[in-house]
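Participant: What follows is the residue order along each chain.
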Amino acid sequence: MSAHISASNPPRATHARVSAPVYVYHLPVRIWHWVTVFSIATLSVTGFLIADPPWPVLLGQPSNLFLMGDIRVTHFIAGDVLAVALLVRMYWAVVGSRYEREIFMPAVWRGSWWRGLFRTIRWYFFLERETAREIGHNPLEQIAMFAMFTLGVLFEIVTGFALYGQGTGYGTWAYQLFTSWVVPLFGNGQILHTWHHLGMWYLIVFSMVHVYMTIREDIMARYSVMSTMVSGWRFFKDDRDDEEEGV
Amino acid sequence: MSSITTPNGFSVDNSGRRMVVDPVTRIEGHLRVEVNLDANNTIQNAVSSGTMWRGLEVILRGRDPRDAWAFTERICGVCTGVHALTSVRAVEDALGIKIPANANTIRNLMLATQWAQDHLIHFYHLHALDWVDVVSALKADPKATSALAQSISPWPNSSPGYFRDVQTRLKKFVESGQLGPFMNGYWGNAAYLLPPVANLMAVSHYLEALDFQREIIKIHTVFGGKNPHPNWLVGGMACAINLDGPLAAGAPVNIVQLNLVSSIVDRTIAFIDQVYIPDLKAIASFYKGWQYGQGLSGRNVLAYGEFPVHANDWSDGNLMMPRGAIVNGKISEVLPVDLRDPNQVQEFVDHSWYKYPNEAIGLHPWSGITDPDFRLGAKTVGTKTHIRQLDEAAKYSFIKAPRWRGHAMEVGPLSRFTVGYAKGMPEFKEPVDKLLKDLGLPFEALFTTLGRTAARGLEASWAAHAMRTFHDQLMANLRAGDLATASTAKWEPSTWPAEAKGVGQVEAPRGALGHWVHIKSGKIESYQAVVPTTWNGSPRDPAGNIGPFEAALLNTPLADGTQPLEILRTLHSFDPCLACSTH
Amino acid sequence: MPAETHTFYEVMRAQGTSRRSFLKFCSLTAAALGLEPFYAARIAEAMETKPRIPVLWMHGLECTCCSESFIRSGHPLAKDVILKMISLDYDDTLMASAGYQAEAILDEIPKKYPGQYILAVEGNPPLNEDGMFCIVGGRPFVNKLKEVASNAMAVIAWGACASWGCVQSARPNPTAATPIDKVITDKPIIKVPGCPPIAEVMTGVITYVVTFGRLPELDARGRPLMFYGQRIHDKCYRRPHFDAGQFVEAWDDQGAREGYCLYKMGCRGPTTYNACSTTRWNGGVSFPIQAGHGCIGCSEEYFWDNGPFYQRLSPIAAGFGVEATADEVGGAVAAVAGAGVVAHAAGSIVKHVYGKKRSGTNARSGPDEGDRP
Ligand code: HEM
Ligand code: HEM
Ligand code: NFV
Ligand code: SF4
Ligand code: SF4
Ligand code: F3S
Ligand SMILES: [Mg+2]
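Protein chains in written order, with our numbering: chain A, 1 to 247; chain B, 1001 to 1583; chain C, 2001 to 2373.
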């Protein structure tokens, strides 16, 4: 039956007793995840180098050196990749499964979502004995993914392209689409640099917690985690129902 | 009130007709002056009010002391750079930073450049129209003008054709009916004493000086990157010097730039000695009889001293222009000045739009307070937003009242020359004596409106020649192999003490300038500036002493009671800068 | 000095503007002012018969260095602009008259040339204390400014003061110094920022109008594109050193003497729109970076509050005087997050191990092999 699960036929059962694995992340999402991880890592490393070039004085004529240039170009390419990948991912949020929409719009309008959120918070505070059976992200993850990752990356992309447009110059697409309104919004380019730089830290903090949680939940939750972002399948470690709220 | 005598010896009487001059123009910034005229249109009372405030001292709090120069530089774009220099000196003093010899020489050169340029602009573009009747120049005979010009100077632009040309253009300009900056001027006023030929010569040089001044300041551009508002640096100068090697052409200062500086120095000397000084003498010779505007000059004058020959040495002997104070007209005695002494420089605010916890006392700038308090006195005529007449018995100016040991002091070129003269230094005594002799005037004539203007001219010449000295010094040091321009040992705030106080001093074009800084945990805890025009434009103090502008206006008769020509003339002789004065 | 004084129209013709484009200029001007087409003819008539275009140059809170910069112009010479191209009818720094004779001009010219004069503003109005931190003629500067603006053809905002607020509007802006476009809201305003602007940029803006018969193209923030369309960094002669990664590390080091890039000394060239690196200053002699000091960003809004000028990134003012760099803030948050992760991990290990001991119910029961895809 698993073969039938697809974008046009997503798994529906949330409350049903599911012990069978569920195909939650389609290939494009998994590829996107790892491309994003790679580009953010590249952007952060090159970002640090751009912000504060650490190498010692390079003496001599500049003609055959292009170190700063190469670092910046790497940053811009990784930035393009990040942005294009996010566009693809957004498209997939429309055509993909409901779990693949979670990072763009957590279901905050549902009472069950809020109950799940409090349950998860209690779980992380060691007040719950076990997790709920999550097929997609648990509500706390959803909100973190949305607020820290999705908004964080969008912020970096918008501010990044606004800075980029300062370089490509008046009249270029990056200038028209981003620089023209983003720079006045922040006051000036100098302030924008500061915020773009700060945005990197926002994503670093997200990544730290995310990677930790991924490993932890892989061990402690009632379902598979790490392998899910590789294979796409969610496996469950038991077939019990969710307990009612409270311990 | 009828007549009273102030503690500093002036009798003031505000019973006569009140005349208000607001705005005072051809100055920097916003100044209002009110005078009372007696039946003969002679000034019996004068009230000088600074009518702008920006709050730089408030804005500087909490900032990085290494940035302070840029903020304070924007106190004024006319005496551009002098506040920046004072600021870096104050911070260096606080942190114990020693600057390299080249930095000292370059700073001296830039300051002398500023003097020369600022004095030139002041004389021709801010002050000349107080003495020169533009319209009368139309009546001049170009041939006679040429003869006059050639008799006083070898300056080449002096043929009859040259003056005829200027006159023709002036005529067309006037006939166009659009007088531009000359509109509503006081042309034909009986206080204009120059014959048409002298007027035409001066008008020609007004235009020539406007063209030339922009050459002088290119020296700032070489060392500071631009003018107005060149760049400075705590610890020296940022303009690294490179005279050899493949990348020297891209260095801030190289042989090309040094040659440019040298050529400008020569042309500056020529212009000032062959145009400015002869014009000054020619004009003065027609105004010899107009001996007004003495005020505090010759009585209470103050100079901080300037141009340290060797870097980092502020002792009297190392300063090319002397430091000192003269009070109560005792020219024979030059008193020592110490800017750190809490009893010497103090500022009062009981007549200024600021508040102190106790306004009966003055505060030394290290404990100074800048807290605005705009309040009008009970006898003000008008409303808060439409003042018709100020009440000088109450607060009436954004300028504080600085005092030296309680005395209102005049500062500026005349004060500097007076101190130099009093100390018997020939480089100041000789040109003064020669000028007085050439004009056939007694020594006392120096202490007038005209004397102030003459001293500025002599000082411009002194500065131009000093520029040559400094450039030669710089070249000699470079020849000896010393290229250093900045010291960086104490650049990082981590190398600073937790708390430090410093004072920076400069003789600005308009007079003695001091910045007092208090640095705490790497940030500015407090910053106070006492500026030349704060001294000269000062309002009354709690004791009732009037300030230099006010004193100088007293007893001057106006030729026409509706036209403030003589008021402008005397005020302009101080070269007022109001943005400076209130900051 | 030029041979004759001309009418505005004659000056334009002499610069090669055809009568057609002159008339077009007049209708464009009328349109820009939101006036009926009928006014185009009036403007044209005024410019043909009235000699030079009247300019009223007012000063608010400022330092007069914009005026000083203006008179440094080498081409054209400031005197030619003042005496030939325009009629500088009011400028407190240069004008002969003072007091009420001067004030009268501010009343007369707008009446005599309604919609036909340019208002040039240097400095800005403070709004605190009912505007009385800048008093002219006994009244708040801001009132006079609004009155004179109300009938102007166009307004030029000279310098960072008029354009953005500049130094007196830096934190905490004790006088509430306010850029002029916040108080003049119904007129086209050309912003010419810089502290001060370059002389030739100032005269360039004026002569552009006279020579080409149109207002220069402005960007969305009102700056003439031709001078503010590029950053200092884009045309900086030290750019090859930037791309190479060759930086000045300390004042007067070898790199400083070789003209290396000033990026690490805090240069604001990468974020500053101005013509310094192309036009340069004072007749092309140099510009701040060429003279060895970084750009401080003097033509940018808020540049005063982006210090220390020698730090590449400005600190984030976290209020109440607490200031930190992005790395200090980010690093601190990351450290807290890291500590949280470690603590949580420790708790998790305890729970995991303890929980397992207490009951065997949590024993792994992986999915059936058969369910695997
Ligand atoms: C996760 C995403 C990103 C991170 C973590 C990141 C990080 C950084 C950092 C730390 C800097 C140095 C900022 C400074 O100190 O001034 C920087 C600069 C910059 N980034 Fe990003 N960035 C990201 C995305 C992007 C994107 C999508 C673009 C778009 C092309 C971009 C374009 C730029 C540009 C143009 C600069 C300025 C380079 C320069 O001034 O030479 N960045 N980035
Ligand atoms: C070695 C490092 C990483 C590992 C092992 C990892 C693993 C995972 C796993 C297992 C999931 C699925 C979680 C679930 O099923 O609930 C996931 C989701 C996600 N990860 Fe990572 N991740 C890593 C790094 C990152 C980084 C650096 C970022 C971005 C800064 C990131 C962003 C995301 C996002 C946005 C999702 C949600 C995907 C979606 O719902 O579309 N990951 N990651
Ligand atoms: N007063 C004054 Fe200045 C000068 N000279 C400063 O220190 O003018 Ni603007
Ligand atoms: S913009 Fe700067 S330079 Fe111009 S008046 Fe203001 S403070 Fe002075
Ligand atoms: S010196 Fe400044 S403007 Fe020039 S390349 Fe370096 S960072 Fe850019
Ligand atoms: S400080 Fe200003 S003068 Fe130019 S190089 Fe920077 S914009
Ligand atoms: Mg002060």
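Simulated from the structure, these hints should not be mistaken for lab results.
Remember, it's a predicted structure, so these values are computed and weren't measured experimentally.
Do not take every clue at face value.
[Stated by the list, open to error] In silico DSS-like cross-links for lysine-lysine, where the CA-CA straight-line distance does not exceed 30 Å:
| no. | chain 1 | residue 1 | chain 2 | residue 2 |
| --- | --- | --- | --- | --- |
| 1 | C | Lys2146 | B | Lys1384 |
| 2 | C | Lys2235 | C | Lys2187 |
| 3 | C | Lys2146 | B | Lys1523 |
| 4 | C | Lys2187 | C | Lys2079 |
| 5 | B | Lys1098 | C | Lys2144 |
| 6 | C | Lys2264 | B | Lys1172 |
| 7 | B | Lys1172 | C | Lys2079 |
[Unchecked claim] If the Cβ cut is set under 10 Å, some of the chain B residues that face chain C in the computed set are:
| no. | residue |
| --- | --- |
| 8 | His1125 |
| 9 | Ala1251 |
| 10 | Gly1406 |
[What the hints assert, rightly or not] Which chain A residues stay away from chain C? Per the calculated CB distances, all over 10 Å, these:
| no. | residue |
| --- | --- |
| 11 | Thr42 |
| 12 | Ala85 |
| 13 | Phe126 |
| 14 | Leu140 |
| 15 | Ile157 |
| 16 | His193 |
| 17 | Trp201 |
| 18 | Tyr202 |
| 19 | Val209 |
| 20 | Val225 |
Each residue gets a CB set at the ideal place from its N, CA and C atoms; glycine is no exception.
Participant: State for each hint whether it applies.
Facilitator: Going down the list of hints, with the structure as the test:
About 19 Å separates the Cα atoms of lysine 2146 of chain C and lysine 1384 of chain B, which keeps this hinted pair within 30 Å; it holds. For the given pair, lysine 2235 of chain C sits about 33 Å from lysine 2187 of chain C by alpha-carbon distance, which is inconsistent with the 30 Å threshold. Simply put, lysine 2146 of chain C and lysine 1523 of chain B have alpha-carbon atoms about 39 Å apart, too far for the 30 Å limit, and the pair is violated. Straight-line distance between C-alpha atoms of lysine 2187 of chain C and lysine 2079 of chain C comes to about 28 Å, which keeps the hinted pair within the 30 Å bound.
For the hint pairing lysine 1098 of chain B with lysine 2144 of chain C, the CA-to-CA distance comes to about 49 Å; that exceeds 30 Å, so the pair is violated. In summary, the hint linking lysine 2264 of chain C to lysine 1172 of chain B is not supported, as the alpha carbons are separated by about 56 Å, beyond the 30 Å threshold. For the hint linking lysine 1172 of chain B to lysine 2079 of chain C, the alpha-carbon distance of about 15 Å falls within 30 Å, and the restraint holds. Interface restraint check for histidine 1125 of chain B: the shortest CB-CB distance to chain C comes to about 6 Å, inside 10 Å, so the restraint holds.
Checking alanine 1251 of chain B against chain C by beta carbon gives a least distance of about 5 Å; that is within 10 Å, so the hint holds. Checking glycine 1406 of chain B against chain C: minimum C-beta separation of about 30 Å lies over 10 Å; hint violated. Non-interface status of threonine 42 of chain A relative to chain C is upheld: no Cβ of that chain comes within 10 Å, the nearest being about 18 Å off. The beta carbon of alanine 85 of chain A is kept farther than 10 Å from every beta carbon of chain C, the shortest such distance being approximately 24 Å.
A cut-off of 10 Å between C-beta atoms contradicts the statement that phenylalanine 126 of chain A is not in contact with chain C; the least separation is 6 Å. With a cut of 10 Å on Cβ distances, leucine 140 of chain A stays outside the contact zone with chain C, its closest approach being about 13 Å. Every CB of chain C is more than 10 Å from the CB of isoleucine 157 of chain A (nearest about 18 Å), matching its label as outside the interface. With 10 Å as the threshold on Cβ separation, the claim that histidine 193 of chain A sits away from chain C is violated: the shortest Cβ distance comes to roughly 6 Å.
At the 10 Å boundary, the C-beta of tryptophan 201 of chain A falls inside the reach of chain C, the nearest C-beta of that chain being 3 Å off. Listed as outside the interface, tyrosine 202 of chain A is inconsistent with that label: its C-beta sits roughly 8 Å from the nearest C-beta of chain C, within the 10 Å cut-off. The beta carbon of valine 209 of chain A sits about 6 Å from the closest Cβ of chain C, which is not more than 10 Å, so the claim that it is off the interface is violated. Distance to chain C confirms valine 225 of chain A as a non-interface residue, since its nearest Cβ pair spans about 13 Å, more than 10 Å.
In this structure, the hints that do not hold are numbers 2, 3, 5, 6, 10, 13, 16, 17, 18 and 19, in rising order.
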